[in-house]
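Q: Generate the whole structure from the sequences, applying the supplied hints.
Here the numbering used here is used: the first residue of the sequence shown is 16, the next is one more, and so on.
Think of the hints as simulated: they come from the structure by calculation, not from any bench. Nothing false has been slipped in among the hints.
For each label pair, taking beta carbons as the anchor points, the in silico distance ranges come out as: (1) E200 with A246: 22 to 30 Å; (2) P240 with E181: 39 to 47 Å; (3) A253 with R123: 33 to 41 Å; (4) L275 with W207: 23 to 31 Å; (5) D146 with A268: 35 to 43 Å; (6) A66 with E281: 17 to 25 Å; (7) M16 with D92: 34 to 42 Å; (8) M280 with I85: 38 to 46 Å; (9) E119 with T55: 20 to 28 Å; (10) D146 with M280: 37 to 45 Å.
C-beta atoms are modelled at their ideal positions from N, C-alpha and C, and glycine is treated no differently.
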Amino acid sequence: MQPCTINGMQVGGGAPVRLMGVINCSPESFFSGSYVPETTVRERAFQMIDAGADLIDLGARSTAPHSVPITVREEVDRITAALAALDGSGVTLSVDTMYPGVLEACLRHDVHVINDIGGLADPAYATVAADSGLPVIGMAALHRPGDPRGTEATLDALREVSARAERAGIIDLILDPAVGNWTAERTFDDDWDLCRHFDRFQELGRPILIAISRKSYLGDLVGRPSEERLAATLAVTARLLPHADMVRAHDVAATRDTILVVEKMEMNG
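A: Take a look at the structure:
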């Protein structure tokens with residue numbers, strides 16, 4: 016595996032599973048418990064670090080189905096206000112955006128990794144990301160975020176994301192198999208298929224991200240809204256952890272406990 020380095024922290028290649036805490040500056044978020052106003056972003060970030068997060072993923076636009084759209088200007092204003100509150104904090108930060116203009120604004124602040132659900136399909140975005148010299152998390156995407164269906168199609172899409180990164184000159188790359196209700200064509204069975212075959216993504220030779228926290232396919236199974244999907248999230252997380260290198264989670268403390276338990280169970284001797 017080709018490991019990735021984020022702000023001096025190794026991801027993959029035998030390193031411990033890293034934990035990414037989610038902070039959303041978008042009140043439209045599908046999970047209301049993840050919304051954090053800019054006035055309390057710094058406090059929430061330190062709470063997550065104290066609870067065991069290795070880094071924080073900061074986003075300002077909801078990508079959930081049927082979410083209220085916002086302009087690029089609104090996204091810039093939201094995310095840069097949050098970043099300004101964290102400048103100089105020492106917190107390792109990821110920015111979650113798919114627009115090159117938003118990314119350029121973010122890069123004027125303390126940012127350590129780029130999270131692109133567009134999978135570097137936008138050449139302008141890939142150029143900005145490459146010029147920054149920062150690591151990138153690239154989600155499976157051919158033409159739209161999360162558009163491949165099934166394990167084989169997702170593997171092919173992630174190979175293309177890797178190729179895009181190489182063409183752009185991006186060295187440090189983490190891959191996200193895009194579990195979730197990303198397009199109208201996707202079904203919950205598609206998500207379960209990815210989870211059942213999550214070990215396959217290790218074939219790609221890059222660190223792999225688990226990003227399943229409180230998603231719709233879990234709610235469909237257990238019949239619970241996003242606020243009540245923690246148990247289902249942790250159950251799937253525990254099954255996927257042996258095949259992943261980083262977990263993106265809303266619930267940092269509970270996910271840290273899950274990681275510790277799985278690591279203990281996987282120890283030999």
